[in-house]
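Chains as they are written, first to last, in our numbering: chain A, 15 to 243; chain B, 615 to 912.
If you're looking for bench data, these hints aren't it; they were derived computationally from the structure.
Worth double-checking, as some hints may not be accurate.
The calculated BS3-like cross-link candidates involving lysine-lysine, where the alpha carbons are at most 27 Å apart (straight line), are [what the hints assert, rightly or not]:
(1) B/Lys663 to B/Lys743
(2) A/Lys210 to A/Lys231
(3) B/Lys743 to A/Lys87
(4) A/Lys50 to B/Lys624
(5) A/Lys50 to B/Lys743
Here the structure is a predicted model, which is why all the values come from computation and not from measurement.
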Amino acid sequence: MQTFDLEAEGLRALNSTLHALKGQTNATAWEIVNPKGSHAIAVGLDAPIDVTVRGSTGYYCAGMNKQATVRVKGSAGPGVAENMMSGTVIIDGNASQYAGATGRGGLLVIKGNASSRCGVSMKGINIVVHGNIGHMSAFMAQSGNLVVLGDAGDALGDSCYEAGLFVRGSVKSLGADCIEKEMRPEHIDLLADLLKQGEADALAKPADFKRYGSARKLYNFNIDNAADY
Amino acid sequence: MCGIVGLFLKDKSLEPQLGAMLTDMLITMTDRGPDSAGIAIYSGADDGKAKITVQSANPDTDFANLDADLKKEIGAPVRMTVKSTHAVLEIPDDKVDAARAAITDLRPALKVMSVGDSLEIYKEVGLPKDVAARFDLAKMTGTHGIGHTRMATESAVTTMGAHPFSTGPDQCLVHNGSLSNHNSLRRMLAHEGIFTETLNDTEVGAAYLTWRMQKGATLGEALEGTLDDIDGFFTFVVGTHDGFGVVRDPIACKPAVMAETDQYVAFGSEYRALVNLPGIDNARVWEPEPATVYFWNH
Numbered sequence: 015m016q017t018f019d020l021e022a023e024g025l026r027a028l029n030s031t032l033h034a035l036k037g038q039t040n041a042t043a044w045e046i047v048n049p050k051g052s053h054a055i056a057v058g059l060d061a062p063i064d065v066t067v068r069g070s071t072g073y074y075c076a077g078m079n080k081q082a083t084v085r086v087k088g089s090a091g092p093g094v095a096e097n098m099m100s101g102t103v104i105i106d107g108n109a110s111q112y113a114g115a116t117g118r119g120g121l122l123v124i125k126g127n128a129s130s131r132c133g134v135s136m137k138g139i140n141i142v143v144h145g146n147i148g149h150m151s152a153f154m155a156q157s158g159n160l161v162v163l164g165d166a167g168d169a170l171g172d173s174c175y176e177a178g179l180f181v182r183g184s185v186k187s188l189g190a191d192c193i194e195k196e197m198r199p200e201h202i203d204l205l206a207d208l209l210k211q212g213e214a215d216a217l218a219k220p221a222d223f224k225r226y227g228s229a230r231k232l233y234n235f236n237i238d239n240a241a242d243y
Numbered sequence: 615m616c617g618i619v620g621l622f623l624k625d626k627s628l629e630p631q632l633g634a635m636l637t638d639m640l641i642t643m644t645d646r647g648p649d650s651a652g653i654a655i656y657s658g659a660d661d662g663k664a665k666i667t668v669q670s671a672n673p674d675t676d677f678a679n680l681d682a683d684l685k686k687e688i689g690a691p692v693r694m695t696v697k698s699t700h701a702v703l704e705i706p707d708d709k710v711d712a713a714r715a716a717i718t719d720l721r722p723a724l725k726v727m728s729v730g731d732s733l734e735i736y737k738e739v740g741l742p743k744d745v746a747a748r749f750d751l752a753k754m755t756g757t758h759g760i761g762h763t764r765m766a767t768e769s770a771v772t773t774m775g776a777h778p779f780s781t782g783p784d785q786c787l788v789h790n791g792s793l794s795n796h797n798s799l800r801r802m803l804a805h806e807g808i809f810t811e812t813l814n815d816t817e818v819g820a821a822y823l824t825w826r827m828q829k830g831a832t833l834g835e836a837l838e839g840t841l842d843d844i845d846g847f848f849t850f851v852v853g854t855h856d857g858f859g860v861v862r863d864p865i866a867c868k869p870a871v872m873a874e875t876d877q878y879v880a881f882g883s884e885y886r887a888l889v890n891l892p893g894i895d896n897a898r899v900w901e902p903e904p905a906t907v908y909f910w911n912h
């Protein structure tokens with residue numbers, strides 16, 4: 015285990031040290047102490063390493079992650095795991111707005127609540143939230159899956175494309191072109207796998223969820239709506 | 615961008631450190647707002663004396679003998695404490711109207727920053743650390759306070775464009791965001807007899823609250839009204855005689871984090887601002903919900 019004191023050594027030193035770990039490395043376990051809400055902790059990683067942050071983080075923690083597992087032993091500020099490509103990011107506490115935004119792959123697990131715009135414009139990432147999510151979540155979500163064990167705020171899935179949205183609790187309102195959909199056996203299987211990956215299989219059963227997705231009515235220009243543009 | 619900090623003490627033993635704690639929080643928010651900084655601090659409530667905080671571009675001439683001149687005009691004792699470009703005038707609380715009128719006559723160039731039983735407002739252009747040093751904010755004591763670091767978007771970087779803005783006796787407002795309909799609101803408020811001094815959008819927000827409360831709304835009702843009548847992005851924090859309030863617009867893109875322990879309730883635009891507070895690791899930390907008015911009172 016390598017320990018890095020962020021307060022003493024600084025952000026640039028941390029990220030350049032982690033960026034230097036390419037391909038095979040023996041230094042696979044890292045611990046970051048004294049994060050104190052700093053921004054951009056462990057962004058742009060591209061190695062199969064395991065990073066644990068002991069405390070809460072600021073903006074954009076673990077953004078653009080590839081391969082690495084980043085675990086935050088606290089809460090995360092805005093834009094955690096933004097544009098993640100692969101790997102796993104696990105937040106023990108809550109996440110602020112636009113968690114997992116534009117993510118293209120990998121897994122983001124939030125054990126507390128996520129606030130507004132969780133999974134906005136997600137493009138392949140899987141997100142599992144143990145608590146609730148805020149308004150405008152999965153806005154323009156394109157692919158990937160968002161699993162919420164708690165409740166969803168206003169305008170869930172507004173203008174979404176082909177992302178899968180699964181919510182166990184209530185949905186305050188659905189966004190434009192987002193509808194409830196039938197839960198077929200393949201969705202139950204998918205959900206069971208995602209709950210297991212998201213360390214939530216002991217907390218919820220796939221059958222308790224409802225599935226939401228695109229009604230696909232905004233995909234093409236509709237002449238009847240011309241007056242609305 | 616802008617930075618907001620706020621601290622409401624439940625534990626009286628922390629009151630001597632209020633200024634030091636708020637100053638640390640304020641300086642942490644420098645990169646959200648390096649243009650100017652300000653602080654509103656509440657102390658000495660219900661002591662029978664009122665405070666008027668005034669600001670001058672020429673403090674040496676404007677503040678010279680101001681206490682003696684004011685005492686002669688209002689016929690009551692005046693205690694003046696000068697801090698750089700600001701001075702706090704302490705007067706008996708039944709002499710506030712007389713003193714305000716006298717100040718206008720005696721020193722027409724002075725700007726009144728705040729009036730109230732316990733509120734003092736200090737604000738200037740410059741880096742938050744320089745503003746804090748100029749007013750010796752770290753040595754101030756009190757029950758609660760709010761601070762602001764400004765990155766200007768809607769009007770010039772001037773002392774009067776800095777936050778907090780006073781909205782009435784012992785009331786003030788700071789803002790992170792930008793208002794879209796401030797010009798039409800400013801014209802509407804002028805028709806109603808509420809005049810603003812700057813082209814700043816936040817001052818219109820403050821004037822809106824003043825107007826609503828003049829019409830009989832409580833501060834809570836006036837803050838609810840911002841959600842219907844004010845267009846734009848905002849996280850507002852308001853200071854009151856006995857506490858502070860928070861409201862975010864329904865879209866809530868401007869960040870806000872709160873922390874509560876047995877000793878205090880704290881507000882920060884970012885968690886970074888809160889990390890040096892005592893017991894923060896075990897505090898309840900959360901984000902205030904959009905379009906919801908929160909208050910903490912003594």
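Tested hints:
1. Proximity of B/Lys663 to B/Lys743 is assessed by CA-CA distance (about 31 Å); at most 27 Å being required, the pair is judged violated.
2. For the suggested pair A/Lys210 and A/Lys231, the alpha carbons sit about 33 Å apart, so the restraint of at most 27 Å is broken.
3. For the suggested pair B/Lys743 and A/Lys87, the alpha carbons sit about 31 Å apart, so the restraint of at most 27 Å is broken.
4. Straight-line distance between C-alpha atoms of A/Lys50 and B/Lys624 comes to about 24 Å, which keeps the hinted pair within the 27 Å bound.
5. Under the criterion of a C-alpha separation no larger than 27 Å, the hint pairing A/Lys50 with B/Lys743 is consistent with the structure, at around 20 Å.
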